[in-house]
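**Q** Take these sequences, add in the hints, and give me the full structure.
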Amino acid sequence: MEESARACLVRHRAALQRDLRTVYLLDHLVSDEVLNLAEEENVRAQPSQQARTAALIDILLRKDDSAFISLYKALLHEGYRDLAELLQPGLPDTRSPEKSPQPAYSPTPSPQVLNALCQGGVPQRPMVFVPRPQQVRAIREQLTRMKPGSWVVLHGMAGSGKSVLAAEALRDYSLLEDRFPGGVHWVPVGKQDKAGLLMKLQNVLARLDPGVPRPPLNLEEARDRLRLLLLHQYPKCLLILDDVWDPWVLKAFDVQCRVLVTSRDSSVASTASGKTFLVPMESSLTHEEGIEVLSRYVNLEAKDLPEHAHDIVRECKGSPLVVSLVGALLRDFPNRWEYYIRQLRRKQFKRIRKSSSYDYEALDEAMSISVDMLSEDLKSFYKDLSVIKKDMKVPTQVLSLLWDMETEEVEEMLQEFVNKSLLFCDRNGKTFMYYLHDLQLDFLTEQNRHQLRALHAKVVHQYQKHYSKNLSSSFQEDNMYWYNYLAYHMASADMQQELRSLLFSLDWIDSKTQALGPAHLIHEFVEYKDLLDNQGSMVREDFQVFLSLNGHILGRSPFPNIIQLGLCQPETSAVYKKARIQAIENLNKGDLYIDWANRKNAQNMTSLVVRPHTDGVYHACFSPDGQRIASCGADKTLQVFKTETGENLLSVLAHDDEVLCCAFSADGEFVATCSVDKQTKVWNSLTGKLLHTYGEHTEQVNCCHFTNGTNPMILATCSNDCLVKFWDFSKEDCRNTFFDHTMPVTHCRFSPSDDYLASCSADGTLKICDVLSANEFKSLDLREFFKNQDNDLEVWVKCCSWSLDSSKIMAAAKNRLFIFGVKTGDLLMELLVSHHTTIQYCDFCPNSPLAAVALSHYTVELWNTDSASKLAECSGHLSWVHCVAFSPDGSLLLTSSEDQTVRLWETRKVCKSTATTLKQDFDVVFKGEEITVLAPDEGGHLQLFNGKTGDFISQSGPQQYGINCCCLSRDLYFAAIGGEDGSVRVLEIPSTNILKSRIMYNKSVQYCQFTADGQTLISSFADGVIQVWEWTFEKAMLLQGHVEAVKKFRLLESSRLLSWSFDGTVKVWKITTGKLEVDRICHEASILSCDVSPDASKFVSTCADKSAKVWRFNSPTPLYELSGHKGAVRCCRFSFDSTLLATGDDNGEIRLWSVGSGELLRLCSNMAIVEGDILHSGWVTELHFSRDGKTLLSTGGYLNWWRVDNGESLQTFYTQGSSPKSIYVSANFKTYVTIDNLGILYVLRMLK
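Counting from 1, position 168 in the sequence shown corresponds to residue 168 in full-length UniProt numbering; the numbering is continuous, with no gaps.
Hints are all accurate, no fakes.
Derived DSS-like pairs (lysine-lysine); straight-line CA-CA distance at most 25 Å:
id: 1; residue 1: 1221; residue 2: 1003
id: 2; residue 1: 251; residue 2: 194
id: 3; residue 1: 147; residue 2: 236
id: 4; residue 1: 996; residue 2: 1047
id: 5; residue 1: 1221; residue 2: 1048
id: 6; residue 1: 589; residue 2: 1190
id: 7; residue 1: 1106; residue 2: 1048
id: 8; residue 1: 1248; residue 2: 577
id: 9; residue 1: 798; residue 2: 194
id: 10; residue 1: 1048; residue 2: 1003
id: 11; residue 1: 600; residue 2: 1230
id: 12; residue 1: 389; residue 2: 194
id: 13; residue 1: 919; residue 2: 1048
id: 14; residue 1: 1047; residue 2: 1075
id: 15; residue 1: 200; residue 2: 393
id: 16; residue 1: 814; residue 2: 200
id: 17; residue 1: 1048; residue 2: 996
id: 18; residue 1: 1221; residue 2: 1190
Keep in mind that the hints were calculated from the coordinates and are not lab data. Note that the structure is predicted; figures quoted are calculated from it, not measured.
**A** Spelled out as structure tokens, the structure:
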């Protein structure tokens, strides 16, 4: 053995002895003639696992290089990939300098091939494998022709060996190295619904990128992640989708990479957007191949087989699976040829799939014989496998738990099933995974159909016996199995009470959503609805709504506290009740929870919910008069219903595949639909009569849209074939085609003037063409705006919308909205909608600057495109939202979703354009148990609330020039407002009548505050002037010294005032005389905040230059300069004992300092980056210490409570909007009041 190989084996001896189960490797080493029988017996005779491994290593060290290579291959084959990686550096290079083409069948694949296939999850060869070189060669030939975005579809009947041959085609080093250097990645698909497919994608992404902090929440996000992952980390790779049943599945993997598909149906490729190569599979083995399979099982030459062998192959009808089953029996009972041929000919077993064209009787009989030959114990164990779900792989640990056996015992027993071709084993990964072929599972479930409920119940009982507490959220295979399938076993056992206890458990939801995200749980609530609902109970719906509305939060890292989220639900919700009970129990452990005292004021803004479809609703639109709504979706139907009531007016089975879009004509007489089936159809919108069918597109048609006028009436369609086509009702053929896109066209819209058509594409462009000529007018490349984002130039422009005057056009890509001027092509506005979701759809409001945006996390947002500000958020859908559209008059908004519903929203109510949207410049007074809140609204009114209940008290009249700031006197007799016009006004409380008014000049008021007696009002202005107004005596004094805006100031004892400004100075004034006592140039850039120590000896200033400084009042030089922040330092706060100082910056980071030494003690906000998001979602805006100095409260994107002694997060409260700028805290640190960017008031209390 080479020295490098010997040294590698010795170096890793301890790891091998610790982890290796030698018994699984011996067969490989004997087969490769590395060990003789005496050496094998010597190893087996050792008393322990470690001793057996030690004996094996001692033997191998006396061998040559072939022994090392054989050990390496055996480790890969048996799933010990981590151990194989340890030995890989010592692997002798057995390749010749010149690559030679591999034969169609290589008996011993090289270690490099084995390693590549093992890493990609490609199944190993079955124990007995007969090469089918012609078929393998045909597959490889098509694989070499593939380009990015192309597909090879291997199709054939069930049990014909598609998966085995697909895997065999990949055992070619030159093919892998030349064509797929990015690796090969095997994905077992099977028969799936959308939730199941999402789970498959989550597993693939976790395997390919284990560092991802959270799973994707929906198929759209999963597809985008997969595309980026393959583009950046696995370029030139091959994706293998095994056993695909439905065409729509391929859309989730249409990510412009090379894809090999195995399927029973060649038509699954109909949805593939790129070039497709079909490889038909021979439905059965040839007679000679069947004979060879038998000869390998019984270890005889084909010529030495008895004549009955030929009869058996004929009776097996060439099925590889059936021949293997019989071969395995003959290996154990070599004298029973005649008996097995008789059994096969009897055909007494009931056929399971009568609807199939394939003759499964031979398989049924072979399975029956094989099972009958098992011992009684093994029969019982094999029967337990009836509970395996199709396309489910079960880890050894799960079966060990089921049978109360050691892992080694289970693996040794299951190996007997594998040897008899009754079971398959996947040894890629750290554990063995066992599964049945679909046809074998059909046989088992038919055989044991009367015992299935009891068998599933056995699984549940064993789980309950071994797991008294919830699983951890780790990605270990056994944990993932229970997260995925425990509810399935309970439902199959009809264990309704246990299922309710599981799915209505916040602990289970917490663990499972951390592992899988919320989508799979939501699917279970829908799938098991009948079992979960009990005598009209709303519990299931409460939990489903909770998961749906908090899906975007549950995807964050660090993972939010599920009990705290539950406490934010309505008090009548079952989720809130459970969360409150658990929270109170946990208070004794030192946990902290926050209760939203005024939650009842949060309203449900949906005006109508309609469920017109039995599957996801992909698109919906208003009729031109707004009286009707048309919708279409995955159930292949077109539905038309009344806008006011939801009454169904028309239902049409419109296409042979999913309907992706629908559109009314300008007169409302017609409605068009387009589909995955590549056709566009036009219907009479009243009768449902089919009027036209257009079929010139060669790929799925993604969108259709009519001109806004009827002279002439033109229909536009766009497709994955990269074309936009124009259709005239007077002709059956296309009147014109726009050819300028280079990738699938996702969306198209006529301008309101009908002069232009805009189209969006996966090529990253928004193009505008002239309608009459179909010539390009303008091309806007959105990839330019993403050049610095992960080097990803593959930007899919999802959709577009025109302004009413046709002068502007809006387009959406990824998480951004872009608004362009149509004539110039200039970018007018760019909106970053969210860090952690993607935009699904967008629409301009026809009569206002509003834009509606559908997001991938189940919500819709409304944005003001004039101010670039988010106005509102619509929550209520239980799954991702596909479409959003305004009514023709803009009064209504519709949304359609994967949750099978169309929802209607009143635009005015959603936007809260009346006096209910509060501004974030507010004031709060805590007086005993009472809480009073004063806040201006967007309508220019001043609102007064009882903070304890959230009830409205009074409202002022509208202020003509708007309200910039407001304040309350401490005795609650007076209120004051500062206006944009420079005015300050004093109002009576609670009537809000104006008592006094003063306008100095036209500089806007930035901040105002009463003195303690309420007789003097101090206000600061945009030019740096501070006004001291004794309003009861009509006396005013100006404090002039700052030259830039004073955003805030602080009243000190002895009638002194501390002010700071964007001019970099801090000043202290005597407000009774106007004398300037301290004038300090503290920073060269804008000062953003100041605080004074409670002992009044020091103050701190923070600056946009990322620094903070601590000063003594009597010294012109700073005591300390605090450096290290990576963003502008926006806020600061001393602890009540003046020993600690907290500072927060625009990078979401909080730092704790010692006031005595200036030393950095710790970080309270270690950054938790998730796709550009951090824990505070940006700026830290305010900080508060508790009286005892043990807890710190911070505001930013959310509200966070921290332990001061170690910097760990105690709790996070997520507001419905985001970015609360400030928060008021009661003296006992038990009550908190804030307003978020949606204008929602929060009165929060620490739970007792």
